[in-house]
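Place chains D and R on chain F using the hints.
Residue numbers (our numbering), protein chains in the order written: chain F, 1452 to 1689; chain D, 378 to 693; chain R, 2 to 698.
Note that these hints are calculated values from the structure, not bench results. Misleading hints may appear alongside valid ones.
Stated by the list, open to error - Using 16 angstroms as the maximum straight-line C-alpha spacing, the simulated EDC-like pairs for lysine to aspartate or glutamate come out as follows: (1) F:LYS1539 / F:ASP1471; (2) F:LYS1522 / D:GLU564; (3) D:LYS552 / D:ASP573; (4) F:LYS1624 / F:ASP1576; (5) D:LYS552 / F:ASP1560; (6) D:LYS552 / F:GLU1481; (7) F:LYS1607 / F:ASP1514; (8) R:LYS334 / R:GLU351; (9) F:LYS1607 / F:ASP1635; (10) F:LYS1667 / F:ASP1514; (11) F:LYS1458 / F:ASP1514; (12) R:LYS161 / R:GLU189; (13) R:LYS242 / R:GLU189; (14) D:LYS527 / R:ASP90; (15) F:LYS1458 / F:ASP1635; (16) R:LYS62 / R:ASP313; (17) F:LYS1539 / F:ASP1560; (18) F:LYS1539 / D:ASP507; (19) R:LYS242 / R:GLU181; (20) R:LYS62 / R:GLU322; (21) F:LYS1539 / D:GLU644; (22) F:LYS1458 / F:ASP1471; (23) F:LYS1539 / D:GLU400; (24) R:LYS161 / R:GLU181; (25) F:LYS1522 / D:ASP573; (26) F:LYS1522 / D:GLU565; (27) F:LYS1607 / F:GLU1481.
Unchecked claim - Simulated DEER-style distance windows between Cβ atoms: (28) D:PHE668 / R:ILE487: 49 to 55 angstroms; (29) R:ILE324 / D:LEU469: 47 to 53 angstroms; (30) R:PRO370 / D:SER506: 53 to 59 angstroms; (31) D:ILE471 / R:THR571: 45 to 51 angstroms; (32) R:GLY281 / D:ILE393: 46 to 52 angstroms; (33) R:PRO479 / D:SER506: 45 to 51 angstroms; (34) R:LEU521 / D:ILE383: 40 to 46 angstroms; (35) R:ALA494 / D:ARG518: 53 to 59 angstroms; (36) F:GLY1591 / R:ALA494: 27 to 33 angstroms.
Said to hold, decoys possible - Chain R stretches covered by chain D per the calculated footprint, using a threshold of three residues with CB under 8 angstroms from any CB of chain D: (37) 71–81; (38) 100–107; (39) 501–509; (40) 601–614.
Each residue gets a CB set at the ideal place from its N, CA and C atoms; glycine is no exception.
Each chain, written out:
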Amino acid sequence: MFLLEVKDLTKRFGGLVAVDSLSFTVSAGETVSIIGPNGAGKTTVFNLITGFYQPTRGEINFDGLNLVGSKPHRTALFGVGRTFQLVKPLRGLSVFENILVGAFARTGDRSEARRIAQDVIEFTDLSALGDALADGLPIGMRKRLELARSLATGPKLILLDEVMSGLNPTESKEAVELIRRLRDERGISAVAGVEHVMQVVMSISDRVIVLNHGRKIAEGSPSQVVGNPDVIEAYLGK
Amino acid sequence: MKRAKIYLSVLSLFLIAAPFLFEARYSQHVLILVLLYVALGSAWNILGGFAGQLSLGHAAFFGIGAYTAAVIASKTTLSPWWAMAAGPLLVLPIALLVGWICFRLRGPYFTLATIAVGEVMRLVALNWSDLTGGAVGVVIRPSIFSGTSKVPYYYIVLFIAAVTIALCHGISRRKLGYYLMAIREDEETAESIGIDTTKYKLIALAISASLTAIAGAFYANYFLFVDPTIVLPLALSVEIVLMAIIGGLGTVPGPVLGAVLLKLSSEVFRNEFAQANLLIYGALLVIVILFMPDGLIGGFRRLFRLGTRKSQRVSA
Amino acid sequence: MISICAFAAGCSHEGEQGAENSIRVGIITSLTGAEARFGLAQKYGYQMALDEIEARGVLGKRLELVYQDDTSKPEVASLTVEKLSDRNDIVALMGAYSSSATFPAAAVADRYHIPFICPSATTDEITRQGYQWVFRVCASASDYGRTLVEFLTKVADAHKLAVVYENTQFGSSVARAALEQAPRAGIEIVAYEAYDQGGTDFTPLLTRVKSAGPDAVLFVSYLADATLLMRQSKEIDLNPKVFTAGGAGFSLPDFLKGAGDTAEYTISVTQWTPDAKWTGSRDWADTFRTRFNYEPSYHSVQAYMSLMILADAIERAGSTERIAVRDAIRTSKLDSIFGPIHFNEVGQNEHQVAITQVLNGKFTTIWPPSAAISPPVLPTPPWRARSAAAESGSTGAHEAHIAALVSGSEKLLQTMASGLLTGGIYALIGIGLTIIFGVMRVVNFAHGALVMVGMYATYFLFTYSHIDPFLSLVVVMPGMFVAGVILHKTLIAPVLRAPELNQILLTEGISIVLINTALLLFTSNYLTMTTSYAGATFHLGGVSVSKPQMAAFAIAVVITAAVYVFLVRTGTGRQIRAASQDAEAACLLGINIKRVQALTFGLGVAAAGAAGSLLMPIYYRVEPNAGSPFTLKAFVVVVLGGMGSVTGALVGGIVLGLAESLGAVYVATGYKDVIGFVIFLLVLTLKPSGLLGRSKV
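The shape of chain F in the complex, shown without the other chains (with noise of 0.2 angstroms):
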């Protein structure tokens, strides 16, 4: 059983297709990532699949659950976390606070809570800066804050939107080393959406779909996408 399918999605803003016909399943397990260059539809499908938007048409199954319908904090109940590609960290409260509110999403105790994302706040390395004020971080702190916050809700698959954009080398590495680890010691799956093919994104993919104007018109593993000429087309443009 797949843990997310997608089948047939299809999203219409007024006379704009913005996804169209997009079907693919991401099993337990897997890390996914889907590529496209700007305005490809990444961000309407996360914004589909969390709830955000409506599809105009199509499937979206998770867990056995049909998701279509659903408000997005459902979708976060239900098991799908997300991060945002402009990153909103919670500003008035601290980093160990903005953990503890995504925390409450599974338990209504506080103690319960705050046991909740001292695991987190450690497993993302975030310690340290346990009290400092969520505001003030820099862009690659904020995003691994972003990424421990949806952790802390308990999800079963994670949505990064953009996750590598704005980090330099160093914090790609670290940020893929997290979803490595998410997979690997937590068993969370991860569909990250991606503008650029990066090399190191590419070395944590199982599989890669590439969207190009809604549609899909790559996927494979990683090697195989990459040689693609109609992808290599896409992004180069004709």
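Frame of chain F, contents of chains D and R only:
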């Protein structure tokens, strides 16, 4: 932390003994008014400060509480004190309706909608004279406390204020408080981590509105006269917000400080410079927004380094 | 903490020293606030009494007055009673002015067992509560009602009465008295309309009244509304046989000045006039005039009498014990300039109500016959006949009056005309707001206050430099533009990147500062200005349209068109539009965003100021809170038309104006403002992008 506890104990003792320290009726009246506004500011803060939903129509809930007492007094033989329980019950469906309409709107639209709600309530009270007495208002006969002493009223409002503050404090440390703050910071983010923003906003509104209605019911029983210009004007909504913001939005002690300052100074200034008082508050609001977004409480904290707070509840 | 103690200690027993040689009386009146004019009149009255008493003293001691300002607010009045009654040196209290303030204050006085004399509050409620310590000197609302009804049937021969009253304690009680008494005398109430105090436009309400075909109209209002009501009655050509009023605003000398020739022939109940035939009235009036250089009205006399009654009571009681004084007041029997004084079992002084008519610019008593100085002039000449009559030199035509029933289509046209014209002004206010929001996403809660600034500017330009309000636009608009740019650079720019919450609060703070500065500088009195063409009306069929209002509408549309052309045709305008669509992209294109934003804000403020200027020739008056209702209306307009759209603002403004007018005339006047709010909420909920569905210019 220890210092804060000592301050708190001294303050509590002072508050309990206050009616005997200040025997002049007028001073007692001012104390009662201050405590009432403390309750109002704190109640508003739950929705406006924690959840970041800037309501400029809270007078509507105050008015409903007050008019519940008025209607009970004029149309039934029951004691108007029952409004302390009936008021919040009545306010709940109205608050939920208001929430349903207004929470679809973001930012300034929400605020504008709350202004509209407040004004509609005032006009209804003004025009539905069969029920509310219209512009003539309703005189309420004192019930239970028929003497001229203000002491029992003082303790009642002290209790209301204490409960409200305790509620605020409790909320701020628990899941509800954190969820509201997340909503204040960014609703989309909040949704993405499993927070049903609509539900929690409605909860905040329900609590805030109920507490405000209780304060309104108390006011009616204390002041013994209710009319639309006293309990339902836009100016009252603005005053409540002013206190909470200047004191420190989203903090527990903020509205308390704001209420004390605003009410005391408005009494001192009233005879000579009523307008100067409001002018100063308007200017303070501008200054606070530009330079001290966490209000005076934030300023005090920085100044006196009162305790190392893990995080500052910065205004949104 | 320390400040609380100091404060409390300070006020617990203030001023109780020195009570040996003087007897202290607490006086509550409106020294500031909306009723300050009346408060002043009362103060003069108290002073007259004090002068007289000074000569002989009371129980061998001086009488000392302790004034408290209720700021024209009921809760403050009650508070002052609390404060004063707690003092051992104060023997008795009197006040306040208005019924709204006096009613709760009396309750407090009664509770604390201190004698309380009400000089001027007429609401019947005061004497229906079973108070033991409260006395009322003036006649009550029911007395007004009874006298008016009697006059209408016996003298005016009117049988269809329209009642228009302000929705306050005072207005409601007099209106209700008329409502109760009229049927018994065979008078049919054809209209019964309440309006929210301080309204700006009575034309829909008066249209509604006109269409009911009354042969008599009763207005119950305070000063500012009285003037506007008469002027606008002339504008829409409302011609009953008789205009009557419930005193208050209609009896102040200022009414004569403010309403000018529209005050002529108005009939009002009164409690006293300078030519009254009571003992010593006329001499008193002369002394008053000389002393204060101010025309005496019954408000002053009532205050005077209250103090005289108290002094007399204390003298008779031989003591300053409150209960003794109270009992002595109960047995008062005086013959005074206010007629015979005698309190009945509920504390009411049985005072005769008289009726005056404004004849040749003066209040002349015309009823009852025993008090009348001159016979009434009835029926009231229709408005158009008056100007003709003035030219031919006669003082009033005696044409047969046919209560003009306005036909259905005339009524509709009239209503729509009023709505359309008002809508033009709304549109102008909305335009300022919409471009500010379009470019900067700033929600300007200070917009209404800025309109008020424009109004004051025009007022002063007219009053001191004699610049016509329409011409003053040339000065006001650029001036406001500059002010807007400065405002932007100093206060607005810093919060452009801040969360919306901060912007809302900041602009709200600016609004508070502007309004209270105005209050401090100009007080809350209405300032009125009368242009030479005030009241000029254009009649087409049965529809009357005010000429100044038409001119204002035309100019508003011209300004709107100019703004539109500016935005579409000029380079700067295009920059503004670019910035409103995408600030970052515009920046990248080399547009100086900061400059554009400052310009836009300046333009928005200039538009607001222009609207204020145009409002002045139409509504004649300004006070610090005059702009406040416009903030919300501006938002309604903008939401209706779509944020950022100039044409949308024009459409939105007109739609709002029409909706309000139609609602006021065909549904209910009291809920007129609710219409705007309901539309607002509906549009926001159902079609947030506005009626036109777009969000750009």
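Tested hints:
1. Proposed proximity of F:LYS1539 and F:ASP1471 is contradicted: the alpha carbons are some 29 angstroms apart, above 16 angstroms.
2. The hinted pair formed by F:LYS1522 and D:GLU564 meets the criterion: a straight-line CA distance of about 13 angstroms does not exceed 16 angstroms.
3. A C-alpha spacing of about 13 angstroms is found between D:LYS552 and D:ASP573, which places the hinted pair at or below 16 angstroms, so the restraint holds.
4. Distance check on the hinted pair: F:LYS1624 and F:ASP1576 sit about 14 angstroms apart at the alpha-carbon level, within 16 angstroms; holds.
5. Taking the CA atoms of D:LYS552 and F:ASP1560, the gap is about 8 angstroms. The hint holds against a cut of 16 angstroms.
6. The straight-line distance between the Cα atoms of D:LYS552 and F:GLU1481 is roughly 33 angstroms, outside the 16 angstroms bound, and the hint therefore fails.
7. The straight-line distance between the Cα atoms of F:LYS1607 and F:ASP1514 is roughly 9 angstroms, inside the 16 angstroms bound, and the hint therefore holds.
8. Distance check on the hinted pair: R:LYS334 and R:GLU351 sit about 11 angstroms apart at the alpha-carbon level, within 16 angstroms; holds.
9. The straight-line distance between the Cα atoms of F:LYS1607 and F:ASP1635 is roughly 13 angstroms, inside the 16 angstroms bound, and the hint therefore holds.
10. With a CA separation close to 23 angstroms, the supplied pair F:LYS1667 and F:ASP1514 exceeds the 16 angstroms bound.
11. For the given pair, F:LYS1458 sits about 14 angstroms from F:ASP1514 by alpha-carbon distance, which is consistent with the 16 angstroms threshold.
12. The straight-line distance between the Cα atoms of R:LYS161 and R:GLU189 is roughly 5 angstroms, inside the 16 angstroms bound, and the hint therefore holds.
13. Pair hint R:LYS242 plus R:GLU189 holds up; C-alpha atoms about 15 angstroms apart against a cutoff of 16 angstroms.
14. For the hint pairing D:LYS527 with R:ASP90, the CA-to-CA distance comes to about 21 angstroms; that exceeds 16 angstroms, so the pair is violated.
15. Between F:LYS1458 and F:ASP1635 the alpha-carbon distance is near 27 angstroms, which puts this suggested pair outside the 16 angstroms criterion.
16. For the hint linking R:LYS62 to R:ASP313, the alpha-carbon distance of about 13 angstroms falls within 16 angstroms, and the restraint holds.
17. Between F:LYS1539 and F:ASP1560 the alpha-carbon distance is near 25 angstroms, which puts this suggested pair outside the 16 angstroms criterion.
18. With a CA separation close to 53 angstroms, the supplied pair F:LYS1539 and D:ASP507 exceeds the 16 angstroms bound.
19. In summary, the hint linking R:LYS242 to R:GLU181 is not supported, as the alpha carbons are separated by about 22 angstroms, beyond the 16 angstroms threshold.
20. Straight-line distance between C-alpha atoms of R:LYS62 and R:GLU322 comes to about 15 angstroms, which keeps the hinted pair within the 16 angstroms bound.
21. Only pairs whose Cα atoms come within 16 angstroms are accepted, and F:LYS1539 paired with D:GLU644 is rejected, the gap being roughly 44 angstroms.
22. Simply put, F:LYS1458 and F:ASP1471 have alpha-carbon atoms about 11 angstroms apart, close enough for the 16 angstroms limit, and the pair holds.
23. Between F:LYS1539 and D:GLU400 the alpha-carbon distance is near 54 angstroms, which puts this suggested pair outside the 16 angstroms criterion.
24. A C-alpha spacing of about 14 angstroms is found between R:LYS161 and R:GLU181, which places the hinted pair at or below 16 angstroms, so the restraint holds.
25. This hinted pair checks out: F:LYS1522 and D:ASP573 have alpha carbons roughly 9 angstroms apart, not beyond 16 angstroms.
26. Only pairs whose Cα atoms come within 16 angstroms are accepted, and F:LYS1522 paired with D:GLU565 is accepted, the gap being roughly 11 angstroms.
27. Distance restraint check for F:LYS1607 and F:GLU1481: the Cα-Cα separation of roughly 11 angstroms lies within the 16 angstroms cut-off, and the hinted pair is therefore satisfied.
28. In this structure the hint that D:PHE668 and R:ILE487 lie 49 to 55 angstroms apart at CB is violated, the actual value being about 19 angstroms.
29. For the pair R:ILE324 and D:LEU469, the beta carbons lie near 48 angstroms from each other, so the given range of 47 to 53 angstroms is met.
30. The given range of 53 to 59 angstroms is broken by R:PRO370 and D:SER506, whose C-beta atoms sit roughly 37 angstroms from each other.
31. Look at D:ILE471 against R:THR571: about 50 angstroms separates their beta carbons, and that is inside 45 to 51 angstroms.
32. A C-beta distance of roughly 60 angstroms is found between R:GLY281 and D:ILE393, which places it outside the suggested range of 46 to 52 angstroms.
33. In this structure, R:PRO479 and D:SER506 meet the distance hint of 45 to 51 angstroms, their C-beta atoms being roughly 48 angstroms apart.
34. Range check, R:LEU521 to D:ILE383: about 42 angstroms between beta-carbon atoms, so the 40 to 46 angstroms window is met.
35. Range check, R:ALA494 to D:ARG518: Cβ separation about 56 angstroms, and the 53 to 59 angstroms hint holds.
36. The hinted range of 27 to 33 angstroms is satisfied by F:GLY1591 and R:ALA494, whose Cβ atoms lie roughly 31 angstroms apart.
37. Restraint check on the segment 71–81 of chain R versus chain D: 7 residues with Cβ-Cβ distances below 8 angstroms, three needed, restraint holds.
38. Check on the segment 100–107 of chain R: 3 of its residues sit with their Cβ under 8 angstroms from a Cβ of chain D, so the three-residue criterion for coverage holds.
39. Residues of the segment 501–509 of chain R lying with their CB closer than 8 angstroms to a CB of chain D number 8, which satisfies the three-residue condition for coverage.
40. Residue count for the segment 601–614 of chain R with a Cβ under 8 angstroms from a Cβ of chain D: 0. That is fewer than the three needed, and the coverage hint is violated.
Of the numbered hints listed earlier, those contradicted by the structure are 1, 6, 10, 14, 15, 17, 18, 19, 21, 23, 28, 30, 32, 40.
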